[in-house]
Amino acid sequence: MGRYVVRRLLQMVPVFFGATLLIFLMVNVMGDPIAGLCGDRACDTATAAQLRREFGLDKPLWRQYATYLGNVFTGDFGTAFNGRPVLELMASAFPVTLRLTVVAILFEIVVGITLGVVTGLRRGRPVDTSVLVLTLVVIAVPTFVTGLLLQLLLGVRWGWIRPSVSPDATLGELIVPGLVLASVSLAYVTRLTRTSLVENRRSDYIRTAVAKGLPRRRIVVRHLLRNSLIPVVTFIGTDIGALMGGAIVTERIFNIHGVGYQLYQGILRQNTQTVVGFVTVLVLVFLAANLLVDLLYAVLDPRIRHA
Amino acid sequence: MPERRPDESGQTVAPTGTGGAMDLATSEARSLERTPDGPGGTGPAAPRLSAPGGRPRSLWSDAWRDLRRNPVFLVSALVICFLVVIAIRPSLIAPGNPLACDLARAQDGPAPGHPFGFDGQGCDVYTRTVHGARASVTVGVCATFGVALLGSVLGGLAGFFGGIGDAVLSRITDVFFAVPVVLGGLVLLSVITSDTVWPVVGFIVLLGWPQVFRVARGSVISVAQHDYVQAARALGASPARVLLRHIAPNAVAPVIVVATIALGTYIALEATLSYLGVGLKPPSVSWGVDISAASPYVRNAPHALLWPAGALALTVLAFIMLGDAVRDALDPRLR
Chain G
1 MGRYVVRRLL QMVPVFFGAT LLIFLMVNVM GDPIAGLCGD RACDTATAAQ LRREFGLDKP
61 LWRQYATYLG NVFTGDFGTA FNGRPVLELM ASAFPVTLRL TVVAILFEIV VGITLGVVTG
121 LRRGRPVDTS VLVLTLVVIA VPTFVTGLLL QLLLGVRWGW IRPSVSPDAT LGELIVPGLV
181 LASVSLAYVT RLTRTSLVEN RRSDYIRTAV AKGLPRRRIV VRHLLRNSLI PVVTFIGTDI
241 GALMGGAIVT ERIFNIHGVG YQLYQGILRQ NTQTVVGFVT VLVLVFLAAN LLVDLLYAVL
301 DPRIRHA
Chain A
308 MPERRPDESG QTVAPTGTGG AMDLATSEAR SLERTPDGPG GTGPAAPRLS APGGRPRSLW
368 SDAWRDLRRN PVFLVSALVI CFLVVIAIRP SLIAPGNPLA CDLARAQDGP APGHPFGFDG
428 QGCDVYTRTV HGARASVTVG VCATFGVALL GSVLGGLAGF FGGIGDAVLS RITDVFFAVP
488 VVLGGLVLLS VITSDTVWPV VGFIVLLGWP QVFRVARGSV ISVAQHDYVQ AARALGASPA
548 RVLLRHIAPN AVAPVIVVAT IALGTYIALE ATLSYLGVGL KPPSVSWGVD ISAASPYVRN
608 APHALLWPAG ALALTVLAFI MLGDAVRDAL DPRLR
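Chains G and A, in that order, give the protein sequences. Heads up: the first sequence begins at 1 in our numbering, then just goes up one per residue. Heads up: the second sequence begins at 308 in our numbering, then just goes up one per residue.
Just so you know, the hints here were simulated from the structure itself, not pulled from any lab data. All figures in this text were calculated on a predicted structure; none of them were measured in a lab. Just so it is clear, CB atoms sit at the ideal spot from N, CA and C, and this is done for glycine as well. Hints are not guaranteed to be accurate.
[As the list claims (entries may be wrong)] With the C-beta cut set under 8 Å, the calculated list includes, among others, these residues of chain G facing chain A:
1) Leu10
2) Pro14
3) Ala19
4) Val27
5) Ala46
6) Val131
7) Leu134
8) Phe144
9) Leu148
10) Leu152
11) Ala242
12) Gly245
13) Val275
14) Val279
15) Val281
16) Ala288
Chain A extracted, bound-state conformation (with noise of 0.2 Å):
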């Protein structure tokens, strides 16, 4: 297996699609998964350091007592729970429904109980903007999930394996990235008419897997070098228990970073698509759809653009300063 590596860290990571929006991830990640003594060298059967308390102290109670004095996941964390609320019950701090509009009204300014003023079509703007949380967080959610779950699974697998299904699998993943990622959405999603999200998640799940197969498969084959993996198969542990028991705890970390990030990235990904008009499409709430709609009259109503797009960033920063406070903690050789 050992010589592998060589092949791995000469093969370039190519990004994809949406000037460079979900390879961020991948290469961000490549730090953790090239290093052989990288996280994964801090693992069960590493030697433990004991705290003075006396208590053991793994990679990850480490990892969680500098996040929690890390500032910007403190912060990050903050905006992604009042998100997250406001995604499960909008109607919490916005009461009105978003698709009650009044077209006279329509590009018209702040008003008394409309702080953000009205868009093009007459709809508040700060209702629309409360209630487009729900479809981002849902698309991120998901796709991540499904995104996570799938190249996973296949990169462990691949990576543990090797083999046959190995090369057809990097090969497969190599063609993905071949395919530009907003282009692959355009061709895809234009003939569907659903107006649910789920179009789009499986779509960003069939493009994405490919960028976690990768981190997944080249962490579980450094971490396949450790001696503690070559001590359980000498104790003579079934490959199904080495996978599961000793490669993957020490495998993981790589593979939670890429998701983070990955999951803001998602989320302007869904935004893109709905902007290129083959994403979550009018009748559904969304950011993407509503700065979509006021692209054309930005002129005159710079604000409906300006609040769905600032409260769109706000939320893909989040996620993405999440990743990257998770990655320093789980990482301490970038410190």
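Just chain G, with the same shape it has in the complex (with noise of 0.2 Å):
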């Protein structure tokens, strides 16, 4: 289990790294970071050479990368466009995010694995068949419809949420904006958990817990769920880092004032240290949730632990 561990953390190093530097290469792509600070005019190149070099622009590329991932591990992320730390944009943003994402997995857990379960106890059943089509057509419908439309009909035309949430974004008035984050994973949760489910039903273990007569539900519970549900608990904790750096089309839908709406303004303004700062962190939940899966997958499967 030691060695397992370790030699995930040391995988993930180069990830890191590797991660991070994509991402500030694809920053400096984006366009001259000077651009952006003196307002919708361009700057005259004495100001802007003075401004190229207090921020060390001059130097190489690597220099650059260098000198800001050190300043990371130190804590400083640089200033955002109006002048406040990143950290401080990101004090008030994760939080909030962070909240959305909880609300989403929970969806998942929830609803996707209930409906996994019943429909893989049912298979080929009508409620199997119409739950199937129904996870088809939620995974069809991109993120941002799903949002809109669910906006228009309970914001708009009905009137049971507030169609934009409240800079507090309160767990009440995430529910449905965290619905719509999780629609595609939910589904997919779904169908995971389903066909795992009619996979194992069939494997020699169960047949033996049949045949010694266990009760049908202990069957189910200890034998049949804690084997198929390996894949499911992978797919859902992989899929908190993506939740987190996707929230960006649903809080732009809701206006919720997270990490997505942070780094959209990051963008428009061509604010580098925004950018790069929220997506070092986002890289980092992922990596940290992926190491969390792992070490869960070693808990559940003994196969990997002693391999």
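These two chains come separately, so use the hints to put the complex back together.
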């Protein structure tokens, strides 16, 4: 187990540097970081050169990257377009997106797994077929369309929710946005649970359990579910990072001032520091979630632990 | 080579981006890739079952027989054929000009000759929805082609030869999986002002290939363990011949499934990027552009949003269902 953890941690290191470097390069392609600093007009050459020196932009790219990472490790993410430290923006944005992600994950766990179990145990029946068709439809409709439609129906037509979320973004307000964010993954969790259940129902250990005369409930919960949920746990875990990064669309629709909103602003205003800083943290969250899943996987499946 | 399998299954397939749009295909195909006795098992070298007519039945002819009887396949194939036809010749069913707009009729509902009503600029929603198919289908097909080509060539070589190259490429795909897709799109595409579809296609290929890479690599590794591959090696076949003649035909099924499902998700991704304002831009006619333009005044003219959104959803659904049907046909275990 110890060696397994160490190996996973070591594998994460190049991914972290690679991903941050990739984003750093992309943002540099994005445009001149100075251009956004003089408002809508172009900076005059003397000011531009001065700013360049001040920010170290005249140095080669690899030195800029090294300097940036050095600062990040000491907790300095730089300054955003309005003069506030990026760290401050993060402190206000991440809790909001985290709440949104928690709501989404809860939907995936509760609704997704329940539907998956129900359909998996009634394979081929009308319930199964209709839920499967429904999941396909949910997967096919892009998240931003689902979001706009729910906002139109629930928010504008029927008035059940407020169409745009207040700056506080309480859990209650985030239920519908969370559902929208979760929708595609939710459908996917359902399908994955179902497939996994159907596959495992034919296995020898289930036949043994049935032959032993165990009650059906015990067979399903203790034998079938424990084994079938391993891939589902993996999926949901890796989804945490993806949801936080993908919240940009949902946050734009419902006007939630979270990570996606700040990133969008950063990109619009060509603020390199905001974009790179937020993405660096998102990559870290993604890697941490992956590590967590790998560890959980090892706990659930002894074959991995002893490999 | 077999000792690399536990690592593969222990590795979490990482979803990225649009709330799971692009990762769907990978994970759906994982079930194909994981089992050593998957679709690759019944290849040319495996003993062939003889059909009653005496003709040999391969995996492909079996799959084709199944597909022809599958209503899901027939319906989605029909929808896709229709889409391709109107993408090539939109004027067949919508003779109007999608850019001919009359501001006086902005946001009006359906009228004679204009069954879907008018959008915020007074353009005919029906004409624009029909003409929008071209952008979506072009992006979907070109991006999928690029992704499948790049991913399967690199993945196949990495899986077959292993070693340092494989390790490096695999770590590179890890890096790409860690970058959220929509975010990458916003950053990279926000500077590009071209009004063609090519920047979007290029971007999707750039961020999409690792997905096919993983599937192709896993598939090649599992097929390479079969006896007929060992036999070919023992008979002195060159690596190129083993890879192209014996492994590739048997390892390609999961790649085809991923690519079909991915095609649908790429169309959705293009629309999402256009909605965020970085995909296709207004002079070009696309569903994403129209949905984006219609969303601010959705209270007054929901039809301007619903028709392109419906067309988009139908298209994505058709491709995903096609991929589903193809997977069922190629992987008899799931039946």
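So, going through the hints one by one against the coordinates:
no.: 1; hint: Leu10; verdict: violated, 11 Å
no.: 2; hint: Pro14; verdict: holds, 5 Å
no.: 3; hint: Ala19; verdict: holds, 4 Å
no.: 4; hint: Val27; verdict: holds, 6 Å
no.: 5; hint: Ala46; verdict: violated, 25 Å
no.: 6; hint: Val131; verdict: violated, 14 Å
no.: 7; hint: Leu134; verdict: violated, 12 Å
no.: 8; hint: Phe144; verdict: holds, 5 Å
no.: 9; hint: Leu148; verdict: holds, 6 Å
no.: 10; hint: Leu152; verdict: holds, 5 Å
no.: 11; hint: Ala242; verdict: holds, 4 Å
no.: 12; hint: Gly245; verdict: holds, 3 Å
no.: 13; hint: Val275; verdict: holds, 6 Å
no.: 14; hint: Val279; verdict: holds, 6 Å
no.: 15; hint: Val281; verdict: violated, 12 Å
no.: 16; hint: Ala288; verdict: violated, 11 Å
Hints 1, 5, 6, 7, 15 and 16, counting from the list given before, are not met by this structure.
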